[in-house]
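*Asks:* One-letter residues, chain by chain:
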Amino acid sequence: MIEVKNIVKKFGAFAALDEVDLKVADGELLALLGPSGSGKTTLLRIIAGLDWPDAGEVSFDGENALSRGASERHVGFVFQHYALFRHMTVFENVAFGLRVQPRAVRKDEASIRARVKDLLDLVQLDWLSNRYPSQLSGGQRQRIALARALAIEPRILLLDEPFGALDAKVRKELRQWLRSLHSEIHVTSIFVTHDQEEALEVANRVVVMDKGRIEQIGTPGEVYDNPATAFVHAFIGESIVLPVEVCEGGVRLGGKALGIAANGAPCGASKLFVRRHDMQIGPAGSGALEGAVRHVRTFGPIQRAEVALSEGQTVIEVDAPRDRELHAGDIIGLHPRRYRIFAAQE
Amino acid sequence: MNQPQSYLSSASDDLRTEPWLVRVVIIAVAVSFLTVFVVLPLVVVFAQAFSSGLGAYFSALSDPEALSAIRLTLYVAAISVGLNLVFGLIAAWAIAKFDFRGKTFLISLIDLPFSVSPVISGLVFVLLFGGQGYLGPWLQSHNVHVLFAMPGIALATLFVTFPFVARALIPLMQEQGTQEEEAAISLGASGLQTFFRVTLPNIKWGVLYGVLLCNARAMGEFGAVSVVSGHIRGETNTMPLLVEILYNEYQFVSSFAIASLLAMLALITLVAKTILERHLDEGQQPRGNEFK
Numbered sequence: 001m002i003e004v005k006n007i008v009k010k011f012g013a014f015a016a017l018d019e020v021d022l023k024v025a026d027g028e029l030l031a032l033l034g035p036s037g038s039g040k041t042t043l044l045r046i047i048a049g050l051d052w053p054d055a056g057e058v059s060f061d062g063e064n065a066l067s068r069g070a071s072e073r074h075v076g077f078v079f080q081h082y083a084l085f086r087h088m089t090v091f092e093n094v095a096f097g098l099r100v101q102p103r104a105v106r107k108d109e110a111s112i113r114a115r116v117k118d119l120l121d122l123v124q125l126d127w128l129s130n131r132y133p134s135q136l137s138g139g140q141r142q143r144i145a146l147a148r149a150l151a152i153e154p155r156i157l158l159l160d161e162p163f164g165a166l167d168a169k170v171r172k173e174l175r176q177w178l179r180s181l182h183s184e185i186h187v188t189s190i191f192v193t194h195d196q197e198e199a200l201e202v203a204n205r206v207v208v209m210d211k212g213r214i215e216q217i218g219t220p221g222e223v224y225d226n227p228a229t230a231f232v233h234a235f236i237g238e239s240i241v242l243p244v245e246v247c248e249g250g251v252r253l254g255g256k257a258l259g260i261a262a263n264g265a266p267c268g269a270s271k272l273f274v275r276r277h278d279m280q281i282g283p284a285g286s287g288a289l290e291g292a293v294r295h296v297r298t299f300g301p302i303q304r305a306e307v308a309l310s311e312g313q314t315v316i317e318v319d320a321p322r323d324r325e326l327h328a329g330d331i332i333g334l335h336p337r338r339y340r341i342f343a344a345q346e
Numbered sequence: 001m002n003q004p005q006s007y008l009s010s011a012s013d014d015l016r017t018e019p020w021l022v023r024v025v026i027i028a029v030a031v032s033f034l035t036v037f038v039v040l041p042l043v044v045v046f047a048q049a050f051s052s053g054l055g056a057y058f059s060a061l062s063d064p065e066a067l068s069a070i071r072l073t074l075y076v077a078a079i080s081v082g083l084n085l086v087f088g089l090i091a092a093w094a095i096a097k098f099d100f101r102g103k104t105f106l107i108s109l110i111d112l113p114f115s116v117s118p119v120i121s122g123l124v125f126v127l128l129f130g131g132q133g134y135l136g137p138w139l140q141s142h143n144v145h146v147l148f149a150m151p152g153i154a155l156a157t158l159f160v161t162f163p164f165v166a167r168a169l170i171p172l173m174q175e176q177g178t179q180e181e182e183a184a185i186s187l188g189a190s191g192l193q194t195f196f197r198v199t200l201p202n203i204k205w206g207v208l209y210g211v212l213l214c215n216a217r218a219m220g221e222f223g224a225v226s227v228v229s230g231h232i233r234g235e236t237n238t239m240p241l242l243v244e245i246l247y248n249e250y251q252f253v254s255s256f257a258i259a260s261l262l263a264m265l266a267l268i269t270l271v272a273k274t275i276l277e278r279h280l281d282e283g284q285q286p287r288g289n290e291f292k
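Same order as they appear, the protein sequences are chains A and B.
According to the working numbering, the stretch in the first sequence is residues 1 to 346, in order.
According to the working numbering, the stretch in the second sequence is residues 1 to 292, in order.
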């Protein structure tokens with residue numbers, strides 16, 4: 001088990017990590033998700049030993065990891081731009097971790113060759129073993145970087161934006177491939193991403209980070225359905241956000257009571273979060289909100305309407321199924337089926 | 001149909017390039033300048049060296065004084081290139097791979113020998129090690145001779161040629177970043193393994209390039225060496241110094257014979273430099289692709 005306790009890391013006055021706690025169970029596939037500058041890559045580098053925290057603890061299976069340098073931690077690290085050794089063939093890249101082992105534990109040449117061949121088979125690229133990194137495509141480099149990291153039989157595999165530098169199609173393929181690889185070899189893995197779709201699709205558990213802090217840890221379902229904070233709600237999935245006033249159980253928008261429960265939100269200025277597809281469309285006067293349709297755009301299985309609300313000067317976008325009749329100029333009623341209210345300023 | 005087409009193409013030719021007269025004049029100016037200032041002097045050096053025939057040429061080169069100058073130049077070059085290779089590698093490594101206070105100051109300090117007149121560089125060592133200098137009397141009392149001896153010449157050359165290796169490596173290493181080193185360390189490599197297996201192979205052409213330029217300057221340095229050498233015949237004259245002395249004594253054949261060796265060094269350096277630059281460019285190509 002990997003345990004991170006109270007990690008603080010500052011770059012000058014900027015706190016990249018601010019008292020971060022995290023436990024990663026054996027065999028997990030964990031995503032660190034957050035916008036750029038949220039500290040996710042710094043956390044990954046601290047676990048790998050490529051950066052050092054100003055305060056806090058990192059332990060692997062109860063052993064203090066901070067007393068060891070990166071080369072002694074047995075961590076497989078896959079870099080965002082792969083960092084393959086450009087002057088070595090694919091084969092030598094993968095063999096590197098085996099060749100630099102101390103003489104006492106180093107395997108003989110035949111076993112190194114066999115191991116590298118197994119790894120190249122695992123990533124399905126054994127036919128590239130004599131090529132140089134510059135002769136490979138992005139997706140191939142990514143898989144070679146993974147094979148190289150796996151060669152040392154790491155206790156954890158850390159991946160920094162593993163799909164960040166790839167085009168959309170290759171990215172999708174590699175996501176599925178990474179999932180199936182993980183279920184095959186079961187090495188504890190942490191990957192960093194700013195792409196929520198990637199995190200929700202690939203990981204068993206998602207850690208949402210912002211400004212050096214962890215906002216929420218949960219399964220992909222939990223962070224999507226029950227976001228713990230306004231940030232998580234806004235960052236994951238697309239949300240309609242309305243500035244509301246909460247008082248004595250009532251919720252008001254622009255002075256008008258909406259007739260929906262505050263769900264225990266404290267009094268004061270707040271924000272109402274609704275997923276686009278959770279906004280139910282009905283005839284005028286049927287819901288908590290009312291508005292005039294401005295535009296309707298149709299794409300794929302849905303149509304998206306831009307609605308100017310009559311309460312407050314707000315324009316929102318809502319999704320409706322295609323068979324719902326909607327035209328510009330219609331006055332419609334809107335009702336949030338599911339919603340969450342967070343205090344406006346944390 | 002044909003006429004307007006040719007009219008069009010000739011019009012566009014005129015638009016895209018200068019009129020032929022302008023082109024001819026510009027090229028002629030460039031060629032004649034190069035001929036007068038580069039080709040002609042080279043030809044003169046070799047013509048003078050061989051003016052009394054091959055026998056005179058080789059006997060000039062096998063003169064004991066000439067041999068001693070060649071030997072001294074080779075020693076001095078070997079020492080200064082060797083030490084500057086080590087210093088340059090360390091300095092470039094520190095500057096390119098780490099962030100620390102005073103980094104820009106260190107970079108300008110490395111460039112200092114380029115901006116100081118070689119004569120001043122020599123004088124600095126006279127002030128330090130001369131009879132009235134700061135360290136001179138103490139060294140003399142311990143029977144160590146720096147000035148007017150090989151150590152002084154080597155020191156002056158070392159100083160003058162210090163920037164070459166570091167300057168060749170810093171931009172290269174900065175561009176390559178630290179990711180491959182980090183990858184090597186995370187794979188369990190020690191610091192030395194990382195240096196010899198990852199860093200050095202990536203910069204080898206840059207190292208050779210720096211060594212080449214450093215060597216050319218070390219063998220050809222005149223000003224700084226002239227100040228510290230003392231011109232003791234057969235002992236502290238390097239090749240450039242001997243060329244001057246022989247010339248002043250009207251021994252033109254001997255003088256130009258040695259000069260021809262230096263000229264050949266320059267030509268070889270030029271060819272090697274072109275080859276190395278090609279390798280450096282090739283080394284950069286895959287890097288550009290990596291981020292696509």
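Just to be clear, a hint being listed does not mean it is correct.
[Stated by the list, open to error] Straight-line Cα separation of at most 27 Å, DSSO-like style, residue types lysine-lysine; simulated pairs:
{"no.": "1", "chain 1": "A", "residue 1": "117", "chain 2": "A", "residue 2": "107"}
{"no.": "2", "chain 1": "A", "residue 1": "10", "chain 2": "B", "residue 2": "97"}
{"no.": "3", "chain 1": "A", "residue 1": "169", "chain 2": "A", "residue 2": "5"}
{"no.": "4", "chain 1": "A", "residue 1": "10", "chain 2": "B", "residue 2": "103"}
{"no.": "5", "chain 1": "B", "residue 1": "103", "chain 2": "B", "residue 2": "204"}
To be clear, the hints were calculated from the coordinates, so they are not data collected in a lab.
The model shown is predicted, which means the values in this text are computed figures rather than measured ones.
*Asks:* All hints, please: hold or fail.
*Replies:* We went through each hint and held it up to the structure:
1. A:117 - A:107: holds (14 Å)
2. A:10 - B:97: With a Cα-Cα distance of about 20 Å, the restraint between residue 10 of chain A and residue 97 of chain B holds, given a limit of 27 Å.
3. A:169 - A:5: violated (38 Å)
4. A:10 - B:103: holds (21 Å)
5. B:103 - B:204: holds (24 Å)
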